[in-house]
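Enquirer: If you want the building blocks of each chain, they are given just below.
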Amino acid sequence: MPIYVTLDRVLEQRDVTLTELSERVGMTLANLSILKTNKARAIRFSTLEALCRELDCEPGDLLAYEDD
Amino acid sequence: MTAYRANRVVRLLTAAVSFGYFVICGCGVLLLIVVPAVEWFADDEALAKFTLATTAIVQLDDARLVSSWGPDPLTLSDTKTTVRVPISVAPGWFRSIAYAGLLASYVLLLLFVYHLRRLFQRVRDGAPFDARNAVRLRWLGLLLLALAFADGLFAFWQSAVVVRTLPVTPVAVRAPFSVDGWAVFVALVLIALAEIFRRGTELEEEQSLVV
Chain X
40 MPIYVTLDRV LEQRDVTLTE LSERVGMTLA NLSILKTNKA RAIRFSTLEA LCRELDCEPG
100 DLLAYEDD
Chain Z
12 MTAYRANRVV RLLTAAVSFG YFVICGCGVL LLIVVPAVEW FADDEALAKF TLATTAIVQL
72 DDARLVSSWG PDPLTLSDTK TTVRVPISVA PGWFRSIAYA GLLASYVLLL LFVYHLRRLF
132 QRVRDGAPFD ARNAVRLRWL GLLLLALAFA DGLFAFWQSA VVVRTLPVTP VAVRAPFSVD
192 GWAVFVALVL IALAEIFRRG TELEEEQSLV V
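For the record, the sequence lines run as chains X and Z.
For the first sequence, the working numbering assigns the number 40 to the initial residue and increments by one for each residue that follows.
For the second sequence, the working numbering assigns the number 12 to the initial residue and increments by one for each residue that follows.
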């Protein structure tokens, strides 16, 4: 898929683990893992908002586009 | 999000189908053990008490009867009747084929109820849109179709063989062929539902990947 999630990069920059993030945003670890491994088909705005709030970043920092 | 709990109707239906499944399994024991035991160990006098029921049509050539409603007569045409053949007079090959037919119908019915039970259990557990349920629904439809046609064909064969043994009588007797139309209709509905469930499974999988 051309759109992919760069959550792992942002987590590394902020020095936050996936487990900590799941507790802070109120998402299950399984769902965060789906997002991180680019298996997600879609992301809700509410999820994107929660991630940006907790990681103090822009939506563009979490998403990237690469034409196949 | 609260945990899913199936409604009372689903739980009752699941329990009923499970009960029916175990009853049918029990009947299988009777079929596999008791019927051959009766065949092998009972004498002719005892065997005469057991009969094979088959259906025949008696052609009445439009017999007319006047009812109390008025002078215009009511017409009686073909009449369906049950012919009971004592097992003691039926030849061995006929009994064997009848038994094989009964076993085949039993297996189809057992498979049908088994799949129905598993389907209801998955619905009760809150996972109706399961890929296996779509496959099960298709199997239910196909098994019901097979049962309807197998029963119809077998009953016709049995009736045709018995009717041929009857002496020439003033009234003509013939073997009827019929397939349960409602069973065929329900089978086709189940097969269509299987496709709907398959699509439902795809949508649910896609939904589960929306975070």
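If you are wondering where the hints come from, they were derived from the structure by calculation, not from laboratory data.
Values in this document were obtained by computation on a predicted structure and should not be read as measured data.
Careful, some of the hints might be misleading.
What the hints assert, rightly or not - With a Cα cut of at most 20 Å, we get these calculated SDA-like pairs of lysine to any residue:
| hint | chain 1 | residue 1 | chain 2 | residue 2 |
| --- | --- | --- | --- | --- |
| 1 | Z | K60 | Z | A115 |
| 2 | X | K78 | Z | E215 |
| 3 | X | K78 | Z | K91 |
| 4 | X | K75 | Z | V221 |
| 5 | X | K78 | X | T67 |
| 6 | X | K78 | Z | D72 |
| 7 | X | K75 | Z | S219 |
| 8 | X | K75 | X | I42 |
| 9 | Z | K91 | Z | E215 |
| 10 | X | K78 | Z | L214 |
| 11 | Z | K60 | Z | K91 |
| 12 | X | K78 | Z | T212 |
| 13 | X | K78 | Z | E213 |
| 14 | Z | K60 | Z | V94 |
| 15 | X | K78 | X | G99 |
| 16 | X | K75 | Z | L220 |
| 17 | X | K78 | Z | V100 |
| 18 | X | K78 | Z | S107 |
| 19 | X | K78 | X | D95 |
| 20 | Z | K91 | Z | S219 |
| 21 | Z | K91 | Z | L120 |
| 22 | X | K75 | Z | T212 |
| 23 | X | K78 | Z | S219 |
| 24 | X | K78 | Z | Q218 |
| 25 | X | K75 | Z | E217 |
Enquirer: Hey, K75 of chain X versus T212 of chain Z, does the alpha-carbon distance stay inside 20 Å?
Expert: violated (24 Å)
Enquirer: Would you mind confirming whether the straight-line C-alpha gap from K78 of chain X to L214 of chain Z stays at or under 20 Å?
Expert: Cα-Cα ~15 Å, so holds.
Enquirer: What's the verdict on K78 of chain X and Q218 of chain Z, does the C-alpha distance respect the 20 Å limit or exceed it?
Expert: Within the cut-off at roughly 12 Å; holds.
Enquirer: Is the Cα-Cα distance between K91 of chain Z and L120 of chain Z 20 Å or less?
Expert: Answer violated: K91 of chain Z to L120 of chain Z is near 26 Å, above 20 Å.
Enquirer: Next pair to validate is K78 of chain X with D95 of chain X; report whether the Cα-Cα distance is within 20 Å.
Expert: violated (24 Å)
Enquirer: Hinted pair, alpha-carbon criterion (20 Å max): K78 of chain X, E215 of chain Z. Please report holds or violated.
Expert: holds (15 Å)
Enquirer: Measure nothing beyond the straight line between the CA atoms of K75 of chain X and I42 of chain X; if it is 20 Å or shorter, mark the hint as holding.
Expert: Holds, at roughly 12 Å.
Enquirer: With a cut-off of 20 Å on the C-alpha distance, tell me whether K75 of chain X and V221 of chain Z pass.
Expert: Between K75 of chain X and V221 of chain Z the Cα gap is close to 13 Å, so the pair holds against 20 Å.
Enquirer: So if I understand the rule, the pair passes when the alpha-carbon distance is 20 Å or less; does K75 of chain X with L220 of chain Z pass?
Expert: Measuring from Cα to Cα gives roughly 12 Å; hence the hint holds.
Enquirer: Are the Cα atoms of K78 of chain X and S219 of chain Z separated by 20 Å or less?
Expert: holds (11 Å)
Enquirer: Can the restraint linking K91 of chain Z and E215 of chain Z be considered satisfied, given a maximum Cα separation of 20 Å?
Expert: This hinted pair is violated, its Cα atoms lying about 51 Å apart.
Enquirer: Within a Cα-Cα threshold of 20 Å, do K78 of chain X and G99 of chain X meet the stated pairing?
Expert: holds (18 Å)
Checked against the numbered hints above, the structure breaks hints 1, 3, 6, 9, 11, 17, 18, 19, 20, 21 and 22 and satisfies the rest.
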